[in-house]
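Number of protein chains: 2
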Amino acid sequence: MSDLKNRILASAKEDLEDIEIALKQNLKPYLDLVSQTASHILFAGGKRLRPLLMVLSARICGYKSSSDKTFSIMFEYLHAATLLHDDLVDEATLRRGKPVAHSIWGNSIAVLVGDFLLARALSIAADIGRLNIIKIISEITENMSQGEIHQLMRKGQPDLSEEEYMEIIQNKTAILFKGACQVSAVIADAPEREEKAISNYGFNLGIAFQMTDDLLDYTSNAGILGKEAGADLKEGKLTLPLIYALKQADSKDRAMMERIIENKDFSADEFEILLELLNKYKGLKYTEELAAKHIAKAKEALVGVFKPSGTRETLINIADYALARKY
Amino acid sequence: MSDLKNRILASAKEDLEDIEIALKQNLKPYLDLVSQTASHILFAGGKRLRPLLMVLSARICGYKSSSDKTFSIMFEYLHAATLLHDDLVDEATLRRGKPVAHSIWGNSIAVLVGDFLLARALSIAADIGRLNIIKIISEITENMSQGEIHQLMRKGQPDLSEEEYMEIIQNKTAILFKGACQVSAVIADAPEREEKAISNYGFNLGIAFQMTDDLLDYTSNAGILGKEAGADLKEGKLTLPLIYALKQADSKDRAMMERIIENKDFSADEFEILLELLNKYKGLKYTEELAAKHIAKAKEALVGVFKPSGTRETLINIADYALARKY
Chain A
13 MSDLKNRILA
23 SAKEDLEDIE
33 IALKQNLKPY
43 LDLVSQTASH
53 ILFAGGKRLR
63 PLLMVLSARI
73 CGYKSSSDKT
83 FSIMFEYLHA
93 ATLLHDDLVD
103 EATLRRGKPV
113 AHSIWGNSIA
123 VLVGDFLLAR
133 ALSIAADIGR
143 LNIIKIISEI
153 TENMSQGEIH
163 QLMRKGQPDL
173 SEEEYMEIIQ
183 NKTAILFKGA
193 CQVSAVIADA
203 PEREEKAISN
213 YGFNLGIAFQ
223 MTDDLLDYTS
233 NAGILGKEAG
243 ADLKEGKLTL
253 PLIYALKQAD
263 SKDRAMMERI
273 IENKDFSADE
283 FEILLELLNK
293 YKGLKYTEEL
303 AAKHIAKAKE
313 ALVGVFKPSG
323 TRETLINIAD
333 YALARKY
Chain B
13 MSDLKNRILA
23 SAKEDLEDIE
33 IALKQNLKPY
43 LDLVSQTASH
53 ILFAGGKRLR
63 PLLMVLSARI
73 CGYKSSSDKT
83 FSIMFEYLHA
93 ATLLHDDLVD
103 EATLRRGKPV
113 AHSIWGNSIA
123 VLVGDFLLAR
133 ALSIAADIGR
143 LNIIKIISEI
153 TENMSQGEIH
163 QLMRKGQPDL
173 SEEEYMEIIQ
183 NKTAILFKGA
193 CQVSAVIADA
203 PEREEKAISN
213 YGFNLGIAFQ
223 MTDDLLDYTS
233 NAGILGKEAG
243 ADLKEGKLTL
253 PLIYALKQAD
263 SKDRAMMERI
273 IENKDFSADE
283 FEILLELLNK
293 YKGLKYTEEL
303 AAKHIAKAKE
313 ALVGVFKPSG
323 TRETLINIAD
333 YALARKY
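First to last, the sequence lines map onto chains A and B.
Sequential numbering of the first sequence, starting at 13, is according to our numbering.
Sequential numbering of the second sequence, starting at 13, is according to our numbering.
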């Protein structure tokens with residue numbers, strides 16, 4: 013697994029360096045204004061996965077110019093803007109092992125810097141000068157906010173269905189992954205089948221990525237994950253492992269789980285009981301298997317259309333890693 | 013004055029009705045998701061000034077289709093999104109005489125519904141299918157968030173200069189007014205001199221509108237204004253009347269004013285003293301005169317380029333009203 017990560021980092025080394033440079037250059041004129049908060053969220057160990065997906069997708073679609081690095085920044089901005097607002101909405105305390113922005117500088121600056129980063133993303137999209145791309149970006153922002161509102165409305169409600177969960181993670185995560193890949197096909201003027209394939213790859217990768225995130229919230233620990241285990245549940249977020257287990261459980265076990273869900277300040281012992289029940293009713297296994305199916309779909313989409321290449325291999329490695337990662 | 017308002021409302025009656033219908037239609041598919049919060053901010057006595065400016069500007073620039081009504085909604089969304097986020101940032105309590113959204117439904121939903129309305133505005137802009145318009149909208153959103161951040165950074169600091177104040181109100185208010193007018197010229201394929209003139213009108217109107225707002229915060233009262241008098245100052249916002257008076261005051265009076273500014277929980281008596289000093293050093297008069305100059309510029313821009321018409325008269329009446337209004 014760690015070997016997989018190293019292979020990705022080795023093959024994407026130059027791209028990741030270029031993305032870092034583009035990000036710093038793009039943010040430079042605004043540093044006085046947004047320096048601390050924006051830096052805190054943008055330069056605190058983010059993986060740059062979304063910009064990297066865009067750059068790799070552009071390459072596999074035959075894009076030749078180097079502007080993709082600058083364009084790719086917009087996906088990091090969109091991501092960071094969402095993190096700033098969501099951490100506030102979730103009343104989160106830790107992100108990547110550090111206190112979240114709003115707990116350091118207050119809600120006000122987290123809201124406004126999030127707005128600023130969103131506006132910056134839009135400016136970059138406008139600079140590309142393609143209406144198709146604007147439509148993709150507006151679809152992403154609209155879906156993301158809808159997904160977040162949906163999640164908030166259903167907070168702490170144990171009757172959240174698997175269908176609703178799927179709708180939420182599509183909106184809040186998968187559409188952004190898809191968009192990062194699809195925009196590349198547009199700027200590369202790739203044929204429709206390539207645009208469809210790479211979009212499909214991004215979408216399924218996004219679904220699996222979010223499912224793995226939701227799994228790790230149960231199976232990882234604070235030291236590795238950079239936030240508390242069980243944090244989602246403490247924020248009232250029901251995710252697939254629990255949704256599935258609740259559906260499968262007998263009435264006694266379901267009542268036990270619901271009691272723990274309703275008590276946000278559950279103890280470590282109670283969390284252990286919950287984990288046992290998740291295992292007993294195969295909530296973790298079911299989620300893992302579904303994530304694996306989406307990764308298989310992502311890879312199929314890629315392999316079905318694009319010839320073997322180093323870039324294709326890296327995209328496949330990223331898909332495998334999305335599933336295998338432990339944090 | 014009330015007569016001026018009545019004349020505007022009479023001449024714009026049909027447009028305002030069409031805007032209301034367009035707004036309701038556009039929001040309809042999302043009502044389940046955002047109903048209460050969005051309705052609270054969108055249907056609570058807003059003047060629809062920005063959409064109306066767009067519709068009137070489109071007409072004066074010779075736009076013939078009726079799509080301008082739908083397009084104009086994006087400016088109400090942008091405005092409402094800003095209100096939701098700003099009320100949260102300002103820790104405001106009242107807006108148009110009602111409790112602000114975040115105090116009813118919490119910060120989370122105010123943040124997310126603001127994001128959603130911003131995304132909806134962007135989707136409408138994308139639907140228009142003109143890159144120029146996307147650039148205008150991205151400039152508006154970027155400037156607005158920069159203006160708000162600038163204001164927040166300088167909160168409660170009595171050394172805010174008139175230049176900084178001008179920069180802040182341009183960014184947070186005037187660019188949106190300008191944009192609503194300019195977008196109309198673009199969809200109407202108006203000649204460059206018309207686009208410049210109507211943009212100029214919108215920009216100067218926006219400046220004067222904000223200055224009048226800032227004046228009313230000192231001279232109006234809660235019953236009329238829908239929020240407390242002195243609310244800006246309680247939020248740590250220094251506006252032109254005070255900035256000018258501070259600059260003109262002798263050291264004793266300046267010290268007195270600074271003491272009141274620093275004490276956010278100033279008494280009614282202290283606020284009276286402050287008002288007397290604002291009068292003594294002509295802070296209110298200076299602001300009124302400067303706002304009047306911008307209104308004169310706005311009207312000149314209009315009259316210099318567009319022939320007399322009912323639409324031109326309404327735009328001129330709106331400019332006069334922006335200055336004369338008491339709430």
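If you're looking for bench data, these hints aren't it; they were derived computationally from the structure.
Mixed in with the good hints, there may be bad ones.
Each pair may be met inside one copy or between any two copies, as identical chains are not told apart.
To be verified - With a straight-line Cα cutoff of 25 Å, these simulated DSS-like cross-link-like pairs (lysine-lysine) come out:
no.	residue 1	residue 2
1	K147	K40
2	K305	K259
3	K147	K208
4	K147	K259
5	K246	K147
6	K40	K167
7	K297	K246
8	K297	K319
9	K276	K292
10	K264	K338
11	K259	K76
12	K294	K246
13	K338	K59
14	K246	K167
15	K249	K17
16	K40	K208
17	K319	K208
18	K59	K167
19	K208	K167
Hints, verified against the model:
In this homomeric assembly, K147 and K40 come within 25 Å of each other (Cα to Cα) only across copies, at 21 Å, whereas the closest approach inside a single copy is 27 Å. Taking identical chains as interchangeable, the C-alpha atoms of K305 and K259 lie at most 25 Å apart only when both belong to the same chain, with a minimum of 21 Å there against 68 Å between chains. Within a single copy, K147 and K208 get their C-alpha atoms as close as 16 Å, which meets the 25 Å cut-off; across copies the closest is 28 Å, which misses it. When the C-alpha separation of K147 and K259 is checked against a cutoff of 25 Å, the pair qualifies neither within a copy, at 38 Å, nor between copies, at 49 Å.
Taking identical chains as interchangeable, the C-alpha atoms of K246 and K147 are never at most 25 Å apart, the minima being 36 Å within one chain and 41 Å between chains. Only between protomers do K40 and K167 lie at most 25 Å apart by alpha-carbon distance; the minimum there is 24 Å, versus 38 Å within a single protomer. In the homo-oligomer, the alpha carbons of K297 and K246 lie at most 25 Å apart inside one protomer (22 Å), although the nearest pairing across protomers, at 55 Å, exceeds that limit. Neither within a single protomer nor between protomers do K297 and K319 lie at most 25 Å apart by alpha-carbon distance, with minima of 33 Å and 73 Å respectively.
In the homo-oligomer, the alpha carbons of K276 and K292 lie at most 25 Å apart inside one protomer (22 Å), although the nearest pairing across protomers, at 57 Å, exceeds that limit. In the homo-oligomer, the alpha carbons of K264 and K338 never lie at most 25 Å apart, since the shortest distance is 32 Å inside one protomer and 65 Å across protomers. When the C-alpha separation of K259 and K76 is checked against a cutoff of 25 Å, the pair qualifies neither within a copy, at 50 Å, nor between copies, at 57 Å. Proximity of K294 and K246 under a CA criterion of 25 Å is satisfied intra-copy only: 21 Å inside one chain copy versus 55 Å between copies.
Proximity of K338 to K59 under the C-alpha cut-off of 25 Å is restricted to the intra-copy arrangement: shortest distance 14 Å within a copy versus 53 Å between copies. Proximity of K246 to K167 under the C-alpha cut-off of 25 Å is restricted to the intra-copy arrangement: shortest distance 10 Å within a copy versus 34 Å between copies. Taking CA atoms no more than 25 Å apart as the test, K249 paired with K17 passes in neither setting, with 29 Å inside one copy and 50 Å between copies. When the C-alpha separation of K40 and K208 is checked against a cutoff of 25 Å, the pair qualifies neither within a copy, at 35 Å, nor between copies, at 31 Å.
For the homomeric pair K319 and K208, the shortest alpha-carbon distance inside one copy (15 Å) is at most 25 Å, but the shortest distance between copies (52 Å) is not. For the identical chains of this complex, K59 and K167 are neighbours neither inside a copy (28 Å) nor across copies (35 Å), given an alpha-carbon limit of 25 Å. Taking CA atoms no more than 25 Å apart as the test, K208 paired with K167 passes in neither setting, with 34 Å inside one copy and 49 Å between copies.
Hint violations for this structure: numbers 4, 5, 8, 10, 11, 15, 16, 18 and 19, all remaining hints satisfied.
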